[in-house]
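In full-length UniProt numbering, the protein residues as written are 1 to 114.
Certain hints may be false.
[As the list claims (entries may be wrong)] List of simulated lysine to aspartate or glutamate pairs, EDC-like, C-alpha gap at most 16 Å: (1) LYS43 - ASP99; (2) LYS43 - ASP18; (3) LYS30 - ASP83.
Since the hints were derived computationally from the structure, they do not count as laboratory data.
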Amino acid sequence: MDNQNDNSTPAPAGAPGDITIEYDVVVADKVVLPAGTVVHVRKPMAGALRGANLGGLVRMDFNQVALVAPRVTQPILHPHLIDAMDPADVMQVAGVLVDFLLPTATKEALSQSM
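Using the sequences and the accompanying hints, generate a full structural model.
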């Protein structure tokens, strides 16, 4: 059986969806993802969003992030790993997902208003 949490395949460095985990992810007293691990979040296509509530995802609803994250992250962030993550790291994942969902015009309008 494949180990889907195998970190031997590195995420592409410096990609727009890269985040660096700030805190160890510990499951059953074992560090599964150490602090400093780079997680690549790829832009979700429509199929990866199947069953997700887009409004909830835009509001960074934890359950929606946990539903979509395993479909678009490398290494794969399964729901049990999301549950074990520090809230700051979950917010990083959620922020990247929300950024991917915003149309370019909306991003430009937001950047001009700041």
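Hint by hint, here is what the structure shows:
1. LYS43 - ASP99: holds, 9 Å
2. LYS43 - ASP18: Holds: LYS43 and ASP18 sit about 11 Å apart, inside 16 Å.
3. LYS30 - ASP83: This hinted pair holds, its Cα atoms lying about 14 Å apart.
Violation of the numbered hints given earlier is absent; every hint is satisfied by the structure.
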